[in-house]
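S.K.: Read off the chains here:
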Amino acid sequence: MTSSLNLWLIPVLPLAGAAINGFLGKKSSRTAVTTVGLVFSGIAFAWALSVALRFSSVDLPYQEFVAHWIRSGAFSADFALYLDQLSLVMLLVVTGVGFLIHIYSVGYMWDDPGYYRFFAYLNLFMFFMLTLILANNYLVMFIGWEGVGLASYLLIGFWFTKDSAASAGKKAFIVNRIGDFGFLIALFLIIQHFGSLNFTQVIAQVQPISPETGSAGLLTAIGILLMMGACGKSAQIPLYVWLPDAMEGPTPVSALIHAATMVTAGVYMVARSHVIFERAPMALMVVAVIGTLTAFFAATIGIAQTDIKKVLAYSTVSQLGYMFMACGVGAFSAGIFHLMTHAFFKGLLFLAAGSVIHAVGGEQDMRKMGGLRSYVPWTFLTMGIATLAIAGIPPFAGFWSKDEILWQAYSSDHGSWVFWLIGIITAFITSFYMFRLLFMTFFGDYHGAQVDPHGQAHAAHGHDDHGHGEPHESPIVMLVPLMILAFLSVVGGLVGIGNRFEHFLAPVFGSGAVSEVAGETASRVTEYVFMGISVAVALLGLMLAHVLYVSKPYLPQRIADSLNGFYTAVLHKYYVDEFYAKLFVKPLIQGSTTILWQGVDRKIIDDTVNNAADGARHVSDEVRHMQSGNLRSYAGWIAAGSALVIAYMIWMGVR
Amino acid sequence: MVSVHLILFLAFGAVCVAGAVNLLAQTHPINSALSLIAVMAALAGEYLLLGAEFVAAVQVIVYAGAIMVLFVFTIMLLNAGVEERTKGSRVAVLFGIPGMLLGSILVGWVVLRHSGTEAVVAGALPGDPKVIGQLLFHEFLLPFEITSVLILIAIMGAVVLASKPATSPAGKVE
Amino acid sequence: MALPIWLFILASVIKSAIVLFVLLTAVAYTVWLERKVVGHMQNRWGPTRVGPFGLLQPAADGIKFLFKEDLTPPHVYKPLFIAAPLIAVVFALTSISVIPFGNDVIIRGYRIPFQITDVNTGLLLILGVTSIGVYGVALAGWSSNNKYSLLGGLRASAQMVSYEISLGLSLVGVLILSGSFSLRDIVNAQGGYFWGFIPRWNIFPQFIGFFCYLMAAYAETNRIPFDLPEAETELVAGYHTEYSAMKFAMFFMAEYANMITVACVATLLFFGGWHSPFGEQAWLHAHGAPGLLVALLPVFWFAAKIFVFLFLYIWVRGTLPRFRYDQLMAFGWKFLLPLALVNLIATAIAIAW
Amino acid sequence: MVPLSYYLVLSGFLFACGVAGFLIKRNIITIFMSIELMLNGVNLSFVAFAAHWHVLAGQVFVFFVMVVAAAEAAVGLAIIIAVYRTRETLNVDQVNLLKL
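Residue numbers (the working numbering), protein chains in the order written: chain S, -19 to 635; chain D, 121 to 294; chain V, 284 to 636; chain R, -19 to 80.
One should not assume that every hint holds.
To give a feel for the contact side, a few chain S residues facing chain R, derived at Cβ under 7 Å [said to hold, decoys possible]: (1) Ala26; (2) Gly609; (3) Asn610; (4) Leu611; (5) Ala615.
Think of the hints as simulated: they come from the structure by calculation, not from any bench. Backbone N, C-alpha and C define an ideal beta-carbon position, used for all residues, glycine too.
Chain S extracted, bound-state conformation (with noise of 0.2 Å):
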């Protein structure tokens, strides 16, 4: 290994910001905690760019040994940190987009009294995100995994004086400890047969076994596992239910872990441990399953919402889907393109919609909006791209990892026409409802004049110096990730053009199908039609969203009407949350009032208690005439004792 690359720098100094934020922040000015913040997290940032500039110039995978912390027999787990092509996209998105949300969150926090709040958590989590991505190990791994968890509930409930913004925290995270519980189960499975989390050596050990041999079962049980702790953290069916609710979280929050990182922990998860899923089928095809499932049911309920945050968590919920679809096909390198790619545009599009909601004083009704490309015109300009963008037409990043995926989905050697089906028709879905919120938005004539200025999310955003009346620009200091991000949305897709990316990823995924394929000429012509297919199903998309909610704005609500029943169910989310709390919540509540409360507590526990007491009482009651308060009756009970202690030890034989 060369010269060392001290990674441990690259989580350390977020929580370095963090504690300091977190424990000095209170009492100092806002100027000192923006510094901190975001110097902390910039350092890292830089570091993570030194690093990729050094890349080449390392051995891979550079391993980086930083503390002792299990020592148990032959099992061992270190804190320990890992690097490889994987965890360096990875890293470079978390650092770059973290670092750019940060500098939004100055200007949209400013007003919050709970600003130092907002930066300690927000570096916290970037701690925990860099060590969940640069973990050598499962263990460490799962740190950062729970770490990302408890910051995401401590910044989905941050205004925590309001209820749903608490309840939704809680929602969140006990979802999500559903998941990790198989993650977890899937881990103890792995020390049981291969004796160590460590990346290399259960990589080492899976090797060999071939999907055919016996301990494929194995394999498939921990990959469907692996697979149920990544539905939690990257809310998939039937886990995805807390994404929606999280986006009580103040809108950059949103961005940066409900869409850019935190999410496609998950997927990074099972890219990581993609050794494992090859080698079973099984769970290849469950996480295909799921992620093409999650992507059209997502995609179909972002039609119907109006709160401009509802519908790009659900466009999320559906684009994790679709990287669990290319990881599923087993095009890894694919996933964790339109991961990098979706980063981007989806991070894009949160802060936009932060602008937007920003500049309409509030409000998060696209109903209420309309006509604002005029007042906004940077926000329009950049969401617009970053529309194009996630709806896959060229040149957009979104339109070259989306393509890639729905072609693996097509031809690799996992997938099949059904994937690519309703991968396809899901695009026109997306592009759809994106457009649709892009129009609803900005074009029109704005509704948003009677907007109450004092609202709930009013009052939750603090936003008193403006808001009521005109829309307005946000300031600079918003705009500048705005653009950045959106250049790189436009320019953010061309790496993987030819497949650079994958052969750049090819060390960790294995030279699969993947480049051959591509390779092929035949293939290719077909690769190109299926190309024009999704460009031309995104431009369908473009003009039906056009033409029900700009020209004919009357008929969306003619259409509702028509299939009032369908669309109601689809308001609703199809009633899933009903039907959770009916199947999981109310049972579970009533067992423990009745049984473990009424019962195990009150009849059992606490009865044993008081017996006890008073058992002890009675006796004492009886035994404290003893105490006599007479010298010699004291004298009288040692003499006796002792005569017994001395019998007791001649008879044992103590001489």
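Could you slot chains D, V and R onto chain S? The hints should help.
M.R.: Same frame as chain S, now just chains D, V and R:
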């Protein structure tokens, strides 16, 4: 042949036993105190037989000369009379006495049965003051210092306890 | 060479008899001396009638004591009332048994020490015996069932216990210097001279110790200025108010015997025992003086020193008034004890260097 | 020569007498004396063992016991005086207020 040592041991032992029994038998504390002094003096004799002459001297000086003087003094000060046989404690009679008897019988049985009959040579271990001093101030320095602290505390406690409270009837000034 | 056992016993008996006789005579004549000296100090003649200078006065006193009626008051606690004077006198006389009066004498090659018995913890034995002696006084006071006696007994016991501490501590300095409990060794350690002319007596290095010892000794023997137990002006006659005839005489003898014992101890410990202040013994040895002279000269010096001490006792009695009891206790605990401790520590440090 | 067991039996007897005194005596001062008697019995066995095993530490322990006894006597007698001042009695059967 009955050695001088045995004779002396029996003589002093007889004094000890007599004194101890007398201590129990006498009803007046001062007689008990005097018999206890006799016991102590006889014990000093036993120590001499065992060669611990320094211990014997200190036994006489400290126990007979100081501690028992304190007792006698207290008896005289409080003018303690003949004790009346009150029936205060059934436990002492029902459990204490049998317990005491049982314990002592057991111990005596064990001692007589299991301790070998090898003799203790008279003066086998000359308790030379010099050596004892060496022990006290080197190996047992810490206990020694601790006991000195104990003594100090005891003195202060005694002063505080016996000092006449302002309101109580005047006792003998001490 | 050592004596055969029978000869040893014989010698011991003879020595005991001599010592006892001498001691009792000394006691008697100390009384006479005291009366004479105090008398002269008070411009009186003291006893003059019986014999020349009243020299037969002690005999007359003895006879009187013997033939007086020995009455026992009805209210006393008899056994102790009788036992008390015996205890007092017996323990007073016992302590003389370990005191060496002079050098060993060689009779037909047999070493015979001028000492009844030479135990190597003689000093401890003296201390123990004197501490036991307290009971005589205390029990006398208590058993005679009389408030003056009781007060006397209480005072005696408290005072003796208190001053015994200072007494012991004041002696420890000497013990450190000589490194032995055996009186003979202590005395031998004091032979020779500082710088050739000052006798190597402990009084010089241990002056403070000697002072403490003197004070404590006065208190131990219940002598003026510490004779609180028998303060005539306060308690009629203290602990021996109820006593008469021979029992009273026993207390009397006990007191003076104690005085002599204390004087002996002071001489042995601080004044070089039988060593003479001048170097004449060696000179006599050199010039072959008669053995008897050589043997008795130390005894003479010893007696002379004791006489000086007794005279000091009497002198003090004739001079000083009596302390108050609280003054006595304060003096003992707050002045004498710390002083003795300081002296002890100083000596220890000096030796350690 | 005297067997060790004789000394031990003697000390045990003294100790037992002390216990018995504690049990049957009413006068608190006498009870204290009984305690002293027990301590003396223990001391005897200490010295006997010291002579038997040729370990001088046994005699050293006797000194510690004496110190403790002295302290105990001082404090105890002071307590006795205090008790007598308040309760005007030395009979332990009359001093039994310390109870539930």
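S.K.: Provide an ascending list of the numbers of those earlier hints which the structure does not satisfy.
M.R.: 1
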